[in-house]
Each structure stands twice: as structure tokens, then as C-alpha cells.
Amino acid sequence: MKLRVENIFDKYIINLGACGIRCGFIPFGERRSESDSIRQREIDAGTSSTSSSYYYSTSFRVSFIHFSPLMLASFQHSKMLRAIRHKNILPAFSAFRAFSSSAKEMTVREALNSALDEEMSADPKVFLMGEEVGEYQGAYKITKGLLDKYGPERVLDTPITEAGFTGIGVGAAYYGLRPVVEFMTFNFSMQAIDHIINSAAKSNYMSAGQISVPIVFRGPNGAAAGVGAQHSQCYAAWYASCPGLKVLSPYSSEDARGLLKAAIRDPDPVVFLENELLYGESFPVSAEVLDSSFCLPIGKAKIEREGKDVTITAFSKMVGYALKAAEILAKEGISAEVINLRSIRPLDRSTINASVRKTNRLVTVEEGFPQHGVGAEICTSVIEESFGYLDAPVERIAGADVPMPYAANLERMAVPQVEDIVRAAKRACYRSVPLAATA
Amino acid sequence: MSLSATKFVHPITTPPSTRSSDKPLFSTFFGSNHTKLRFNKPIVVAQRRSSSAASTSSPVVAVSDVVKEKKLKSASNLLITKEEGLVIYEDMILGRFFEDMCAQMYYRGKMFGFVHLYNGQEAVSTGFIKFLKKEDYVVSTYRDHVHALSKGVPAREVMSELFGKATGCCRGQGGSMHMFSKQYNLLGGFAFIGEGIPVATGAAFSSKYRREVLKEPGADEVTLAFFGDGTCNNGQFYECLNMAALWKLPIVFVVENNLWAIGMSHLRATSDPQIWKKGPAFGMPGIHVDGMDVLKVREVAKEAIERARRGEGPTLVECETYRFRGHSLADPDELRDPAEKAHYAGRDPITALKKYLFDNKLASEQELKAIDKKIEELLDDAVEFADESPLPPRSQLLENVFADPKGFGIGPDGKYRCEDPKFTQGTAHV
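In the order they appear, the protein sequences are chains A and B. Going by the working numbering, the first sequence runs without a break in its numbering and finishes at 443. Going by the working numbering, the second sequence runs without a break in its numbering and finishes at 1591.
Worth flagging that the hints you see were computed from the coordinates, not collected in a lab. Hints may be right or wrong, so weigh each one.
Derived list of chain B stretches under chain A, where covered just means 3 residues or more per stretch with a C-beta under 8 Å from a C-beta of chain A [unchecked claim]:
#1 1239-1248
#2 1254-1265
#3 1411-1417
In silico DSS-like pairs for lysine-lysine, Cα to Cα no more than 30 Å straight-line [as the list claims (entries may be wrong)]:
#4 B:LYS1463 / B:LYS1243
#5 B:LYS1576 / A:LYS312
#6 A:LYS129 / B:LYS1295
#7 B:LYS1567 / A:LYS206
#8 B:LYS1515 / A:LYS206
#9 A:LYS206 / B:LYS1343
#10 A:LYS312 / A:LYS328
#11 B:LYS1271 / B:LYS1530
#12 B:LYS1535 / B:LYS1516
#13 A:LYS328 / A:LYS206
#14 A:LYS129 / B:LYS1535
#15 B:LYS1271 / B:LYS1294
#16 A:LYS206 / B:LYS1522
#17 B:LYS1567 / A:LYS362
#18 B:LYS1326 / B:LYS1291
#19 B:LYS1291 / B:LYS1522
#20 B:LYS1271 / A:LYS206
#21 A:LYS129 / B:LYS1583
#22 B:LYS1576 / A:LYS362
#23 B:LYS1243 / B:LYS1535
#24 B:LYS1438 / B:LYS1343
#25 A:LYS129 / B:LYS1376
#26 A:LYS206 / B:LYS1295
#27 A:LYS108 / A:LYS145
#28 B:LYS1376 / B:LYS1294
#29 B:LYS1376 / A:LYS153
#30 B:LYS1326 / B:LYS1522
#31 B:LYS1583 / B:LYS1567
#32 B:LYS1271 / B:LYS1522
#33 B:LYS1583 / A:LYS362
#34 B:LYS1583 / A:LYS206
#35 A:LYS148 / A:LYS129
#36 B:LYS1502 / B:LYS1530
#37 A:LYS148 / B:LYS1535
#38 A:LYS206 / B:LYS1530
#39 B:LYS1516 / A:LYS129
#40 B:LYS1567 / B:LYS1243
Every value quoted in this text rests on a predicted model; they were computed, and no experiment measured them. The C-beta atom is built at its ideal place from N, Cα and C for all residues, glycine as well.
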């Protein structure tokens, strides 16, 4: 059995390589990722050329140019890493000077497309099913080119029958195939939710392990621009409350690639919530991400930005907003730690709690409806495990408790904006701010 | 044995034997006209015997005509041999006695929850499932005990599953309505009506995919989807009829029309109560058969299953049958007319088969009594086994939620939660 999901140690090996200077083994308890530790060092050294730019991606890219020296043959690098991984050798210090942090950018769309392409070519049992995934090249062009490459028997255009084709996907998964079912938006998954929950999520339990369902349900989730109430709901909380499902929500291209590959290889049903507005955004990716066996672990959050004063948790598009808010807060002297949840179920409670124990304040950000949402779960988790560490009540930022309005100004008010996050963080830090209007 | 009229209707467009392979609807595996054909076209079968009986342009043929033809042609005029007869009898008796035992156990408090019994409908289950190989798939509804038994799941395992014990076929985690068996290829057990139909279509899809894309030789499993008359008004049913016919999946849709959906009469709920007519609307044959007569069901089942195995696509079979008990053991069954119940009790499939066996001297009274006794002993043993089996341990509560044990994520100590030795100690907090 190949080790598909990275174990935790891999990140630390990369980290060793990336910083180049550090020798020795990063202790287990630290939750660092390579990109943000590099960034942190840039900021500390004052060598980053970030101006008060609101574009996370450009500032990131610029900072990498300052970093030296650049790549070793990254391909050999990753081969050696794979060798080490398989042999389970953890070097006391790493001979790798530097790790490729080249300026290669990739949009989320390209990331998803390449992930699907690679998984389909690696395993002939993987097939795609959904409306317009074939000849139309994908409703949002995520599956572009795959019909020509793999043919109509592996990229199936279905009729408009969500309940029917979702059930067909589940039935096929019962017998060992690995379908990737696309919903044009997750709003349409409500027509098929019986199959996602009752036949997919619960089957392994009901059959006592005899039947597993290695299926992935993917599609855009949450609000887009001006699409109205029935096309804008966020389903993270709905699916994440159901045992037997894994729910993932990527933010950047790296997340998208790694998590989709992990989802396709996973033997359980995975709900993969993308975001339509992120499809066109590009993020820098390292060569490790481009490797065809790149996978991210399911159930582990990523600390996008380290901080000391307040923890901000977010997923999907809200991570971008949270990072912008963190920039603004940094100028006002509040150092915010931004956690990209990545995995809504299972929720990485240990990372969140460790962060709250460090900063003592928490702001949860999500796009969906507030009642019974992801933020409510995080808040309770923190209260259960780290109550004594909280210095302020948990601030919960969510979408407005109304169906999404159509008018552009109302829509802007119904979705959290960067200013809302900034205000909430300041409230958590007991800085006086005028209260925002509540719906 | 009375031969009531049964109709065998092909789609009005073209009779199957003359179906041309140029028509895009029937030629490629998955629809598009724009991509070139990659796979074998479905095998065009030789002239079928039924079309010789209907040499005129009318495609409607009565099975009774076919049966008469067979009788003239074959030397013996019997539909089954002695061995087959005894096998069928034993299976139906097993189903009937098992369900009666379930009722007894329920009223003694050993079984609980929702229990839906199959008394009276055994002909459908036996008639169809006894033609299947072990690798073929059966997808059922909540009325699935007898489908499980016919498919081969041992009575002991089914009984202990119903008692909720750890030795059940799903270790007590499924229950009456969710019987799954990977070994016997039984996919439960779906409580929502209509839920099993797309899943069955998917299983049929998987066997076709494995044959044509993965090129596995001998992957010709047929799927049977059992469901009731109420389900035929559900949207998922139509979605799957469409897709199964579109992609020519090896599936047989078996409607167990027992005329009642809990307390709702089929005639009150359906605009056109003749369900078999819905098949031709989607391009597949629709057949209506007397579901209280196991031999007639067998005729039709053989044809439909072989059609699917040859790759010619799906069939819709409506079996007119009746359930002698209420919808479930909690149903007082007050709405059904006693005269109707008496009428169908007179058409009990087991009595009819017995009469056939005696009349045609295929079996004697003693042989059948011996089978009865054998089944009774089997069931007593099953009940004893289930009684003595242990309840599931506390640690089983959290098991099998995910196939990937790391699915519970990473715990506070940074390791996967499932690696914590206390993980399955039965605490609800994860």
C-alpha cells in the first residue's frame, strides 16, 4: 500500500530544506509551514518589499525573489524526499540548501484541472460525472480538456438528474470505482443530499465496514457575484455535521491541488467545497506542489500567517479576506494569526486550540449563515478545551442571517468584508470601535 | 395452473431484433455523437422466439402464447425439473417461515424498531434471485429479509442482525432495514424509497465500466433492483430509467406492486396505475407478470436477466403481488378490504407451487414435509444462535465510520486520533 497522505514529518523535512540554514529537527509540537516561516523571516529581517499592498499574492511573490539561493534541481530534491519518506529516515540536519520557491503561479482552476488530470491518468478507476463536464469543458472550465484526453466513457455528461447520477456514483463506488461527481453548484446538491448522506456517508457504518464509498463530490460553494438567493448558500456547516463524510475547503492553488488529490485517493466519501470567485485567482506554487504525488493531509489546518495577539480562523475565500485584515491590523499594532482551516470535517481542533492558547483571543470567519455554522462549532470547541486561556469573548463573523439578496450593495452587506473582520479583531482586543450595524 | 394474460411490450419505435446499430441512441456506450466509437457495439441477438410468435408488425405478445409454443415444442411440458422445484420450494418456505418467526420474535420483544415483512411476495424474490450468480448484485428496500435469504446470506446472520447482535451480517449496526453483504453482493437495505434505484443503476454501471473501460474479462454482473409501487411515483425512478436505457446498463428493475404503500392504495396515488407501461416510454421493454405465481415470474426473470447479461440493456418488470401482513409490524392494517386479502390469500404462491408439484408428480407429500421440517429446524437454530450471541461491545460505537481510520483527524497530541489506544473505548466525545 503506498503511503498517499503525507505524514506530518514531511513538512518538517521541507522546512529544513527551505530555510537552508537550519540544522536539526524541528520539534513535533510546532505548527509551522514552510511558506509562512519564510515569510515571517522576511518580515523580521525587513527584507520583504511588501508595501501596504492589499494583494497577498503579489507581496508574497516579491518576497520570494529576495530569498536566496534559489532552487536546487527541485525534481531531484523531491525524489530524494520521497526516498527518505519511504524509508522513514529523518535526517538530523538537511543538506539541502534551498528549496525551489520560484515565481511559478497557478490559478485555482489550473490546479484543480491538473489534479483531476493526474489522478485520472494514474488510476483508471477514477471517472468524472456531472452536468456539462465533457463537451462544454466544464461549467466553470475546471474539467477542460479532459474529455478529449480520456474519452466519453470516463468523462460523463449526465442529464439534469442530480439525485439519479449522485446515486449512480455511489452505487459505482460501492463496487470499487472512484467517481468524482461534480455539482454545478452545491446548491444543486440539495436534490441529491439523500444520496450523499444516506447512501454514501452512512454506508460504511451500516454495513460494519464491508462497503466503503471512495467517492468525491465537488463543486463551487457559497456566494458568487450577484447570483441571488438560491445560488449562494454555503453548505460547509450542513455537510460537516454529518459523521461519515469528510469535508474539505481549499483556498489557494496549493490547497486545491493537494486536497483534491488526497480526496480522490481517500477511501471515504469527501465533499470538496470550492469557491467560484477563487477559480480565477492565481497563487504562487512551489515545485513540490507541482509534483504528481503531492497530497495534503486531511484533517490538518494551515497557519497562513503567524501572530501573537488574536487568532482568526477562516476557510475558502474568507482566508484571503482574513489575510488582508491581518495586514491592516498589523499596521495598527495587532499581530493576527490567520488559520486556513482547509478541512472542515474532521476539524483540526488541536491547531485551533494551540493557537488560541498562544494568542488568547479568537475571531471565526465564515461566509455561511451564522446559526449552527462552522464558527459556532469552533467557538464551542475552544470553550470546551481552552476556556481558561480566553481573554475575551469569541467573535463570530458570518454571513447575514438572510437569504442572499440580489442588489449589489445589499449583497456586499450580506457577506463578511475585510472591515468586518478588522472590527471584530479589534473588539476581541478591546480596542474601542464603533459597533457595526447588525442585521 | 391458470395462465392469466401477461403482456410483453417492446418500445413502440422499433422491435429489438431489428434495432439498427446506426441509430445514435443505441450504438455507443455513452451518448455523444461527436466522439468516435471506442467500444464494441452491443451484440445483436438472433431472432428471438417471441418475435416468431408475433410475426405481424404488432410488437405485443402474450407470454401465454409463448408458453403454449414451448409446450408444443419440448418433449416434456413442464416448466421446471424436480430439483429446481425442490430448490424453489425450499427457498419460498425459508422466506415464509423466517418472516413468521420474525413476527413471533417481535411480539416477544427480541426484535425492535421497524420490521417490514415479506409474507406473500416470496414468488418474486425466489423467482428472480434464484437465476443470479453469486457475483450478481441485488439492491433492495427496507423489506429486504427475504431478498437477503434468497441471495444466500445465512439465516443465522440475518436473525442476529435483526436482534441487534454482534454476529449479524452487519454486526448489529444496520438492522432490519439495512442488510448489506459484500460476500453475497447484497446492497441492502435502503430505508428511503427510491434511494436504492440509483444505487442499483450505479452498480450496473460499475460492471459495464469494468468490462468496457478496465477491460476485465467476464465482468458481466447483472443488477436487480427491487422496489414497490409507491416508488414508481418518485422522481429518482424516472431519472434512472432514463439513464439506464441511455447507457444500456445491465439492470432489471423489478417492481413488486403489492397495491399498497402503507395505507395509500396504488390506484389512489398514481395517475396511470399500469407501471409496466412506463418502460417503453424510456426505450426499454415493460413487462407485467402475475407475481403470485413463481413459475411465471421465473419465465420472465430468465428472459430479462439474460437480456441484461448479453448487454442489451435494462428491463422493467412489474410483478403484481400482495403482502399478507401489514406494511410493518407496527401497522394495524385497517384500510385494506378483507375481501381483497382473502382473494390474494387464495393465490398464495407456496400453495400454488405445491399444487403444481403434486399435480405433475414432481414431488411427494413426504419430501415437501421433510423440507418444511428442515427449514423449521434451521430457523430454531438461527434464533438460538442469535439469542446467545453477544451484544456489540461499547468500542464498536465509533468503528467503521470511515474506511480510512485516520478519518477522525488529528488529536490534541498531534497524532492521528485513531492511534490513541483509548480511541475505541466507547466515549462519545471525539
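Structure-based check of all given hints:
Under the rule that three or more residues need a Cβ within less than 8 Å of chain A, the assignment of the segment 1239-1248 of chain B is violated, with 0 such residues. Only residues whose beta carbon comes within less than 8 Å of a beta carbon in chain A count, and the segment 1254-1265 of chain B has 0; fewer than three means the coverage is violated. Residues of the segment 1411-1417 of chain B with a Cβ under 8 Å from some Cβ of chain A number 0, which does not satisfy the need for three, so the listed coverage is violated. At roughly 18 Å between alpha-carbon atoms, LYS1463 of chain B and LYS1243 of chain B fall within 30 Å of each other, so this suggested pair holds.
The hinted pair formed by LYS1576 of chain B and LYS312 of chain A meets the criterion: a straight-line CA distance of about 25 Å does not exceed 30 Å. Distance hint between LYS129 of chain A and LYS1295 of chain B is fulfilled; the C-alpha atoms sit about 23 Å from each other, no more than 30 Å. As the CA atoms of LYS1567 of chain B and LYS206 of chain A are separated by approximately 17 Å, the hinted pair is consistent with the 30 Å bound. Restraint check for LYS1515 of chain B and LYS206 of chain A: not satisfied, since their Cα atoms lie roughly 42 Å apart, outside the 30 Å limit.
A hinted pair counts as satisfied when its Cα atoms are at most 30 Å apart, and LYS206 of chain A with LYS1343 of chain B qualifies at roughly 16 Å. With a C-alpha separation of about 17 Å, the suggested pairing of LYS312 of chain A with LYS328 of chain A holds against the 30 Å cut-off. At roughly 29 Å between alpha-carbon atoms, LYS1271 of chain B and LYS1530 of chain B fall within 30 Å of each other, so this suggested pair holds. For the hint pairing LYS1535 of chain B with LYS1516 of chain B, the CA-to-CA distance comes to about 20 Å; that is within 30 Å, so the pair holds.
As the CA atoms of LYS328 of chain A and LYS206 of chain A are separated by approximately 39 Å, the hinted pair breaks the 30 Å bound. A threshold of 30 Å between alpha carbons decides the hint, and for LYS129 of chain A with LYS1535 of chain B the separation of about 45 Å lies outside it, so the pair is violated. Restraint check for LYS1271 of chain B and LYS1294 of chain B: not satisfied, since their Cα atoms lie roughly 34 Å apart, outside the 30 Å limit. With a C-alpha separation of about 50 Å, the suggested pairing of LYS206 of chain A with LYS1522 of chain B is violated against the 30 Å cut-off.
Between LYS1567 of chain B and LYS362 of chain A, the direct Cα distance comes to roughly 27 Å. Compliance with the 30 Å bound is thereby established for this hinted pair. Under the criterion of a C-alpha separation no larger than 30 Å, the hint pairing LYS1326 of chain B with LYS1291 of chain B is consistent with the structure, at around 28 Å. Restraint check: the Cα-Cα separation between LYS1291 of chain B and LYS1522 of chain B comes to about 22 Å, which is no more than 30 Å; the hinted pair holds. Restraint check: the Cα-Cα separation between LYS1271 of chain B and LYS206 of chain A comes to about 25 Å, which is no more than 30 Å; the hinted pair holds.
Only pairs whose Cα atoms come within 30 Å are accepted, and LYS129 of chain A paired with LYS1583 of chain B is rejected, the gap being roughly 36 Å. With a C-alpha separation of about 20 Å, the suggested pair LYS1576 of chain B and LYS362 of chain A falls inside the 30 Å cut-off, and the hint holds. Restraint check: the Cα-Cα separation between LYS1243 of chain B and LYS1535 of chain B comes to about 18 Å, which is no more than 30 Å; the hinted pair holds. Only pairs whose Cα atoms come within 30 Å are accepted, and LYS1438 of chain B paired with LYS1343 of chain B is rejected, the gap being roughly 34 Å.
A C-alpha spacing of about 11 Å is found between LYS129 of chain A and LYS1376 of chain B, which places the hinted pair at or below 30 Å, so the restraint holds. For the hint linking LYS206 of chain A to LYS1295 of chain B, the alpha-carbon distance of about 25 Å falls within 30 Å, and the restraint holds. For the hint pairing LYS108 of chain A with LYS145 of chain A, the CA-to-CA distance comes to about 21 Å; that is within 30 Å, so the pair holds. Among the hinted pairs, LYS1376 of chain B with LYS1294 of chain B is consistent with the structure: their alpha-carbon atoms are about 20 Å apart, no more than 30 Å.
Restraint check for LYS1376 of chain B and LYS153 of chain A: the C-alpha separation of about 18 Å stays at or below 30 Å, so the hint holds. Restraint check: the Cα-Cα separation between LYS1326 of chain B and LYS1522 of chain B comes to about 43 Å, which exceeds 30 Å; the hinted pair is violated. Between LYS1583 of chain B and LYS1567 of chain B the CA atoms are separated by roughly 15 Å; this keeps the pair inside 30 Å, and the hint holds. Only pairs whose Cα atoms come within 30 Å are accepted, and LYS1271 of chain B paired with LYS1522 of chain B is rejected, the gap being roughly 41 Å.
With a C-alpha separation of about 28 Å, the suggested pairing of LYS1583 of chain B with LYS362 of chain A holds against the 30 Å cut-off. Restraint check for LYS1583 of chain B and LYS206 of chain A: satisfied, since their Cα atoms lie roughly 24 Å apart, inside the 30 Å limit. For the proposed pair LYS148 of chain A and LYS129 of chain A, the alpha carbon gap of about 19 Å is at most 30 Å, so the pair holds. The straight-line distance between the Cα atoms of LYS1502 of chain B and LYS1530 of chain B is roughly 26 Å, inside the 30 Å bound, and the hint therefore holds.
Distance restraint check for LYS148 of chain A and LYS1535 of chain B: the Cα-Cα separation of roughly 62 Å exceeds the 30 Å cut-off, and the hinted pair is therefore not satisfied. Between LYS206 of chain A and LYS1530 of chain B the CA atoms are separated by roughly 43 Å; this puts the pair beyond 30 Å, and the hint is violated. A threshold of 30 Å between alpha carbons decides the hint, and for LYS1516 of chain B with LYS129 of chain A the separation of about 51 Å lies outside it, so the pair is violated. For the given pair, LYS1567 of chain B sits about 54 Å from LYS1243 of chain B by alpha-carbon distance, which is inconsistent with the 30 Å threshold.
Violated hints, in rising order: 1, 2, 3, 8, 13, 14, 15, 16, 21, 24, 30, 32, 37, 38, 39 and 40; the structure is consistent with all others.
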